[in-house]
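A.B. asks: Sequence:
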Amino acid sequence: MTKEDQINIINSTIKKARENLKPLSFNLIFWGVMINLMSAFHYFFEPIIEHSKYSVILYWTIIPILGMLYMIRWNIKKGIKRGYETVLDRTIKIIWAVFGLGWTIILISSLLIGKSPVPQILFLLGLVLVMNGQIIKFKPLTIGGIILIIFVFLNDTNPRINYLIVNMIGVTLGMLIPGVFLYRMKNSG
2 MTKEDQINII NSTIKKAREN LKPLSFNLIF WGVMINLMSA FHYFFEPIIE
52 HSKYSVILYW TIIPILGMLY MIRWNIKKGI KRGYETVLDR TIKIIWAVFG
102 LGWTIILISS LLIGKSPVPQ ILFLLGLVLV MNGQIIKFKP LTIGGIILII
152 FVFLNDTNPR INYLIVNMIG VTLGMLIPGV FLYRMKNSG
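Per this note's numbering, the sequence shown starts with residue 2, numbered consecutively.
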């Protein structure tokens, strides 16, 4: 095997690995857009969303569950279309499944305690983004997760900050922008 053949194999492997990141980039963009739209709608139409204690809970539970169902279906279809699953795919899938379980536990405990689940969910999301960024060796995602964790700290230390604004800025920097970078990276080269 010549050096040129070896370089071609390496380039082909890199190209295939980048293509395999496409579902992750779409997931990050989808959730970044969805959470920002939900936060903005809640911010601008607070009297509607906060009509009762239960309307807020329903708003922040039902829409994300519908989003989860859509994304699970989308990811399964993409996996079937590809026809195989790599160790990297499986690792990322397990991490996000654990996030879903953590989200559910945080939501239920917040309902029982009567406290907003947003800071805990954002903290969990930040940790998951840092893990994903480290696993795929993608600095913007790791930095985005760290920024999200910092925003949670800022929100906890300064209760006057509107958590919806923190949510929008944190999710934009933590998910949406890294998702776009990841999508563009896999299309380049």
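Possibly wrong hints are sitting among the right ones.
Here are the computed distance ranges between Cβ atoms for each label pair [stated by the list, open to error]:
hint, residue 1, residue 2, range
1, I63, S110, 15 to 21 Å
2, I58, K23, 33 to 39 Å
3, I49, P160, 22 to 28 Å
Don't read these hints as lab results, they were simulated from the structure. The beta-carbon is built from N, C-alpha and C at its ideal position, and this holds for glycine as well.
A.B. asks: Are the hints correct? Go through all of them and say.
C.D. replies: Verification of the hints:
1. I63 / S110: 15 to 21 Å: Holds, at about 19 Å.
2. I58 / K23: 33 to 39 Å: Given range 33 to 39 Å: holds, Cβ gap about 34 Å.
3. I49 / P160: 22 to 28 Å: At roughly 24 Å between Cβ atoms, P160 and I49 fall inside 22 to 28 Å, so the hint holds.
Going down the numbered hints, you'll see the structure goes against none, and every one checks out.
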